[in-house]
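Asks: Chain by chain, the residues:
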Amino acid sequence: MRKFWCLFFMFWPMLAIAVCVVAPTNGWWFPSVAPWELGQQIDDLFNLLLIITTVVFIGTQVALGYVLWKGTTVKTGGAWFSHGSHNLEVIWTILPAIILLFISLYQMDVLARIRVMSQFPEQARDAPVAEVSARQFEWRIRYPAPGKKLMPQPQPTDLYTVNDLHVPVGKPVMIRLRSEDVQHSFGLPELRLMQDAVPGLVIPVWFQSNTTGKYDIVCKELCGWGHYKMQGELTVELQEEYDAYLQALQAKMNDDGFSAEANNAVAQSNED
Amino acid sequence: MSIATHDTAGAHSHDDHAHGGHPEIGFVRKYIFSTDHKVIGIQFLITTLLMLMVGGALALAVRWQLAFPWQWMPIAGDLEVFKDQGGIISPEFYTMLFTMHATVMIFLVIIPVLAGAFGNFLIPLQIGADDMAFPTLNMLSYWFMWPAIVLFGISFVIGGVTAGPAAGWTSYPVLSAIASAAPGSGAAQTFWLLAVTCVGVSSMMGSVNYMTTIINMRAPGMTLFRMPMTIWGMFITAILQSFALPVLTAAGFMVLFDRTMGTCFFVPAGLVVNNADPTIGGGQPLLWQHLFWFYSHPAVYIMLLPAMGMVSDILCAFARKPLFGYKPMVYSLAAIAGLGFIVWGHHMFTSGMNPALGMTFMVSTMMIALPSAVKTFNWIGTLWGGNLIFTTPMLNSVAFISMFIVGGLSGIFMAAVPVDLYIHDSYFIVAHFHYVLFGATLFGVFGAIHFWFPKMFGRMMNDNVGKLHFVLTFIGFNGTFFTMHLLGVAGMPRRLADPFNYPYLEHLLPLNQFMTYSAMLMGFAQFLLLGNFFYSMFWGPKCGRNPWNANGLEWDAPSPPPHGNFDSIPVVYRGPYEYSSPLTDKDYLPQTEYIPPRPQPGTT
Chain A
1 MRKFWCLFFM FWPMLAIAVC VVAPTNGWWF PSVAPWELGQ QIDDLFNLLL
51 IITTVVFIGT QVALGYVLWK GTTVKTGGAW FSHGSHNLEV IWTILPAIIL
101 LFISLYQMDV LARIRVMSQF PEQARDAPVA EVSARQFEWR IRYPAPGKKL
151 MPQPQPTDLY TVNDLHVPVG KPVMIRLRSE DVQHSFGLPE LRLMQDAVPG
201 LVIPVWFQSN TTGKYDIVCK ELCGWGHYKM QGELTVELQE EYDAYLQALQ
251 AKMNDDGFSA EANNAVAQSN ED
Chain B
1 MSIATHDTAG AHSHDDHAHG GHPEIGFVRK YIFSTDHKVI GIQFLITTLL
51 MLMVGGALAL AVRWQLAFPW QWMPIAGDLE VFKDQGGIIS PEFYTMLFTM
101 HATVMIFLVI IPVLAGAFGN FLIPLQIGAD DMAFPTLNML SYWFMWPAIV
151 LFGISFVIGG VTAGPAAGWT SYPVLSAIAS AAPGSGAAQT FWLLAVTCVG
201 VSSMMGSVNY MTTIINMRAP GMTLFRMPMT IWGMFITAIL QSFALPVLTA
251 AGFMVLFDRT MGTCFFVPAG LVVNNADPTI GGGQPLLWQH LFWFYSHPAV
301 YIMLLPAMGM VSDILCAFAR KPLFGYKPMV YSLAAIAGLG FIVWGHHMFT
351 SGMNPALGMT FMVSTMMIAL PSAVKTFNWI GTLWGGNLIF TTPMLNSVAF
401 ISMFIVGGLS GIFMAAVPVD LYIHDSYFIV AHFHYVLFGA TLFGVFGAIH
451 FWFPKMFGRM MNDNVGKLHF VLTFIGFNGT FFTMHLLGVA GMPRRLADPF
501 NYPYLEHLLP LNQFMTYSAM LMGFAQFLLL GNFFYSMFWG PKCGRNPWNA
551 NGLEWDAPSP PPHGNFDSIP VVYRGPYEYS SPLTDKDYLP QTEYIPPRPQ
601 PGTT
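Quick note, the sequences are listed as chains A and B, same order. Numbering of the first sequence is given in the UniProt record's numbering, commencing with residue 1 and proceeding in unit increments. Numbering of the second sequence is given in the UniProt record's numbering, commencing with residue 1 and proceeding in unit increments.
Only chain B is shown next, with the shape it has when bound in the complex (with noise of 0.2 Å):
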């Protein structure tokens, strides 16, 4: 069978690469440098699902110095690199749990699931390619991000719990730029800029990738307006990233010159840091501030628009019906990723930036929203009149809009400038992103994880462990984190290692606790999704090509697909979304089906 594929794709025009001959290859070769882009995706996905529970590991330590500040810590407590401070949460621990917290979430977990893990599963299998323009890239792009991983856990441990990188994932220069000026202000911080910029290269190599897989290996038929939302997703991202990431690579390289040569990019002149004294200076911390968010507000979209197009294929397939506006929902996509370019400083509103400039930024900023709403009423249409079939992936999908209105609407509390100089830096502004991150993208991956799992392994996951892991998990989210707009409202700072010793905010511990028993439900639950995920992989019923019956062209290959991926080059005659077509008597038309015209009334 596999053999039969190579030799069609070998005889087409795009497989220039070296798979095609060579049906045996080893262990190592086929698992672990593969340059397969499903085994690419698989270890992807697996790599992040791990590291989003070490990411959840270090928010529950976070959760427990807030709800219980300075008391004794389980589990952990007892470890001999806490004896010297009693087992609590130090102070210099606790910042370097919340700043290796967001690290692993953005760089180890959202981006690379997204774009690593679903980008590389089903680009080509949605488009109709036998693999990625670039296989040898791709094999690299995530051999890349292992010596992130590994840089991320020198720095974290280089220090003992004192002194790990604590400058917040955002970094901002002096404190990031000078080695004094905190304890995690030194190697740690050196190790983490090294690792933030071998993320960049393992992202950039799969941009690359993506765009010239889009743009050149097309199946036959698929044009861009009949590619999946997935796709397009795919695609703005790519292109996102690729314009976006040089600027955080090169001031990456500029605060590590300044801590390791003596430049100043970011360092002004007459600071006493921690009551040394640089003696130099010149430069200017508002640059690293613009440099940063000009990636990293760009970067947010990286993180949500691949969610927001695996979304629109889950609704369509489990409301057996087409997508609602397929064009403005394209179109809204671009609008976010070019708009996305114009708003970085809303994340400067406060920084003493000229006021005019926050200005034009508010209007940019407001302006976002707008294909964010048209996006959401997009997919409430979608659902309007359909057949509803209640999958796990389809309650998932459903809690990424409902989350993701709550995530799109407080976000326009801090695009108004005024409003934002009380919350900016509160627990709103947590409440918000964790909507839009966790809310919107992570329960959109749950919903992606279980649609195409049966894809990736030939295997069914169980749908009932499904729906308790998306229940548990959604009550925990929601008592977690809507109850953060309260605490930002009532003007609890973020990144406080102990608030409760202002007096104003003494009373807000309670509704801290509640929120940390609602974390570690949250947490509890996600071991039932890596059960699921792991005994599914082995042991879960069989299932075929198609256990949706949907459209998609991925649906067409053989579960799991071959190396090559499809029994023969597919011809692509319609869009993605024919559900409940009158042109057939299924409620699904795949892409590939061909029906032939009907003859019209009154023509003959």
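Chain A on its own, in the form it takes in the complex (with noise of 0.2 Å):
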């Protein structure tokens, strides 16, 4: 019965690192490749982290067992007297020191080039693309006319689109994200990137896709009973689809309702 716990207490381990190792084959992981170089960067430091903390779970498991198993033969002269171990406390104190040190120190760099905004690419910094308010429970995106740029207030030839936010493929994007209510935070776990809207301020964010396709903008702070069905659309496509897209928006805006030859007409009655 003694040894039935150590194996208890070593079957869980191995039953978690099996099911990992299935999880990718079952969808139980990332969605899908992401679609720039520092959602890749992401997934590799996170891959990194895994390895790292795979093989301090097998250790200490594998230690766990190896005491517990040791433990459960009586032995005559009575436990080990022992207090600890000086050398041993400083080891494991030291080792782990450095590899945290480390991961912290390696992780600084990707961190910079996602949230710093002196270290964004240039022209996603000059350029911000649109600007995304969060409010209960949508997405209303502003942009720019085309060949206009995007002013912090509201300009009367911009263009209004609610959950649907249109970014031209393969060249890095900023947009501004405020919100207008409470707190919400935009979300594209495809493109493994999370930035809370926060009431008051108007944060940047970039971000790049270098494949054309539609990924979801998720709501990741709760904002309220309709949180859950706060959902958006991103559409990543070429950059002449993008320019025709905010030129029919435009169009579409401008629209009165009456057909150009309608308008012709009545200019020309008034003209007579």
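Bear in mind the hints are in silico, worked out from the structure with no lab data behind them. Treat the hints loosely; a few may be bogus.
Said to hold, decoys possible - Distance condition first, Cα-Cα at most 25 Å in a straight line; then the derived PhoX-like pairs of lysine-lysine: (1) A/K171 - A/K214; (2) A/K70 - B/K586; (3) A/K70 - B/K467; (4) B/K83 - A/K229; (5) A/K3 - B/K327; (6) A/K75 - B/K586; (7) A/K70 - A/K3; (8) A/K171 - A/K148.
Unchecked claim - Residues of chain B placed beyond 12 Å of chain A at every Cβ, according to the derived structure: (9) A67; (10) F68; (11) P74; (12) D84; (13) V157; (14) I215; (15) G221; (16) F257; (17) F266; (18) S536; (19) P541; (20) K542.
Stated by the list, open to error - Over the 10 Å line for every Cβ pair with chain B, so calculated as not near, a few chain A residues: (21) T72; (22) H83; (23) E122; (24) Q123; (25) D126; (26) A127; (27) R135; (28) P146; (29) G170; (30) N210; (31) T235; (32) E237.
Source: prediction; values computed, not measured. Cβ coordinates follow ideal geometry from the N, Cα and C atoms, glycine included.
Please dock the two separately framed chains into a single complex, following the hints provided.
Replies: Okay, structure coming up:
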């Protein structure tokens, strides 16, 4: 029975590792390959941490299993009367300290490239493509008119959509993120990115997608009862398609419901 | 017996409070408004065990929705209040459920069971005092929990099943600061904030008492470095609590002022909340996050350190071996507490605070993994070469180590900011803190309940039922929470009433159903604990003073200890972990046992 408990405590880490090994083939892993370099670097950092922690996990669980197994055989002279080992304490303090310090310094670069404004790609920083305003429970998107720059204040020529963000493929793009009511979070899980939308702040967010396609925009900060359905869509398309999309959006917004012929006819009759 | 105890205790200089000369006290003063630390501890324990069931029921409802979204709720679905929504969990109710699950588990279970129940019961017994330094304050600290329970209850029912507090246990403004922001942000949120203030007052009364008692009332010979790890855990927790809690209380009042008096600490200008224009502003919502996490990050250690201490005691007692590295264990506890005050920003990596600040918080957060690692290695070292006895407390304590390793390691992922950008607010986080708070703390608490139950009631709990409870809980726990790591990596956000309306999460439904079945198993297993606890309280086999042959001072007192605790003031000769010492033939050597010095060979 004593050995049973050793096996019990050894069985579950093995099961845990087995589950993790089969997880990717079952779809219990990252949604898809991140379509940009920094997203892939986040995955790489995750995998690096996974390797380090798996080694530590196996090491500590095996050590635990070993001492449990050894502890089940009754010793004639009683248990080992020991108050510890100074050398071991030093080793297992300094070694993890070095590893942890390495991890935190190693991550700095990616963090700086994603978050620090001065490290943003210049073309993205100078020309934000859109302002995304979160509100209960939708994403309101404001584009500048084609050929114009996005201004901090709304302009009469601006173009508006809801829950439908379009960006060009293969180049860094920056959005200005804000909230109109409570706190939300702009999450792009397929791009491994999220940024809270904080009331009262305008936060620049940059990203890039090297493949065209549609991605989910997920609200990741609790914003009220409708939080679960605050879903948007990011469409990444070729530059021409993107330009055409904005043109069409502009035409749609300037459309007053009359055809060009009708307008011309009215103008003609006014002249007469 | 007990009168004699009082006379000896009365002669002692510490005994300047009322219980000394009053052996005859009525039922109410003895069991309800008691000033005896043991009764208060047991009151806390029973209250928190009942609250554990409440919090567990809320969790099961959350799990039901995640496995069978928008389907008729079993048991509760027939209730009158759910008629309007067809017996299903509405999204409003779902947000209430997880808000109150966290609230109940944190404020009414984990914190009071550690500091309130075991802190009260064990501190005077383990340091050799006859009671707490301030017994009346101690009684008040228990009875201040009841206004909190009542207020939380009011907040939960005041708006029916659509308008309870629903801003999460973190209650971020603006959602919690403006009444029109959500159905639950009205009166319910006000009551919730008042209730949090009450639990804060209760905790604060406890901390002041624990610090004073531990510093001033130790028995002769009980030096600081002869204190059991439980006492160190409680002591450091009390310090953490007394420094961090005022910040939360102040922040809570600031939101209350924002809500009721028109101040704008957390409400910026220019918002249009729920189509109503607050028109005022000038505040900063991030301020709340800083203040809240300045308390709530140390609070996660408040929810862990006492359990670490209790597990250290239990492991030594059943490995029949001294603690491996006593002083490193104490210093690492202190290091966790110290670092705990400079890592709160890791909850805010995605909040839009200055990224340079995020970098410093990343380094400090990584570093706090270090003392935890040192503790884990020392626990394994403690078992190394021991003569293990697999009782229920021992099994729970070994599970503590095994689960804490997972919780600690998964913490490294979210301490790394770039990785956190992906897993923040996902189920990976939920997995992480359940491994720490349930896998570690609660297994430690289960172990402690079985270990100190004989001292509390003079009777033993049934070991076989205890083992069955342990095995079922362990299987259910891992089935529920290990899989959450996978959900997190797959990108499933937390707090969504229906995650499956996102196409990239649809295929996770079967996994969620498996987790819900595991959670049901775990919930069912807790009835074994309750049954065992209440049955053994009255009908369990009687036991003597020291049923485990343990070393601590508490085992020197009668079981259950009378008012005043010890037959005479105990004198302490050594640390609490001298098991299998060569100085004696037994494999344990109580702290109070005097061994005359032996002549050294060659010196006479």
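Asks: Each of the hints needs a verdict: does it hold here or not?
Replies: Verification of the supplied hints:
1. A/K171 - A/K214: holds, 16 Å
2. A/K70 - B/K586: holds, 21 Å
3. A/K70 - B/K467: holds, 21 Å
4. B/K83 - A/K229: Holds. B/K83 to A/K229 sits at ~24 Å (cutoff 25 Å).
5. A/K3 - B/K327: violated, 32 Å
6. A/K75 - B/K586: holds, 14 Å
7. A/K70 - A/K3: holds, 10 Å
8. A/K171 - A/K148: holds, 18 Å
9. A67: holds, 15 Å
10. F68: holds, 15 Å
11. P74: holds, 22 Å
12. D84: Answer for B/D84: holds, closest chain A Cβ roughly 15 Å.
13. V157: It holds; B/V157 is separated from chain A by about 17 Å at its closest Cβ, greater than 12 Å.
14. I215: Check passes; 26 Å lies beyond 12 Å.
15. G221: holds, 19 Å
16. F257: At roughly 18 Å from the nearest Cβ of chain A, B/F257 sits farther out than 12 Å, so the non-interface label holds.
17. F266: violated, 9 Å
18. S536: holds, 22 Å
19. P541: It holds; B/P541 is separated from chain A by about 21 Å at its closest Cβ, greater than 12 Å.
20. K542: holds, 26 Å
21. T72: At roughly 6 Å from the nearest Cβ of chain B, A/T72 sits no farther out than 10 Å, so the non-interface label is violated.
22. H83: It is violated; A/H83 is separated from chain B by about 5 Å at its closest Cβ, not greater than 10 Å.
23. E122: holds, 18 Å
24. Q123: holds, 21 Å
25. D126: holds, 20 Å
26. A127: Holds, since 21 Å exceeds 10 Å.
27. R135: violated, 8 Å
28. P146: Correct as stated: the minimum Cβ-Cβ distance to chain B is 28 Å, above 10 Å.
29. G170: holds, 22 Å
30. N210: holds, 18 Å
31. T235: A/T235 is indeed farther than 10 Å from all Cβ atoms of chain B, at 14 Å.
32. E237: Answer for A/E237: holds, closest chain B Cβ roughly 19 Å.
The earlier numbered hints that this structure contradicts are 5, 17, 21, 22, 27.
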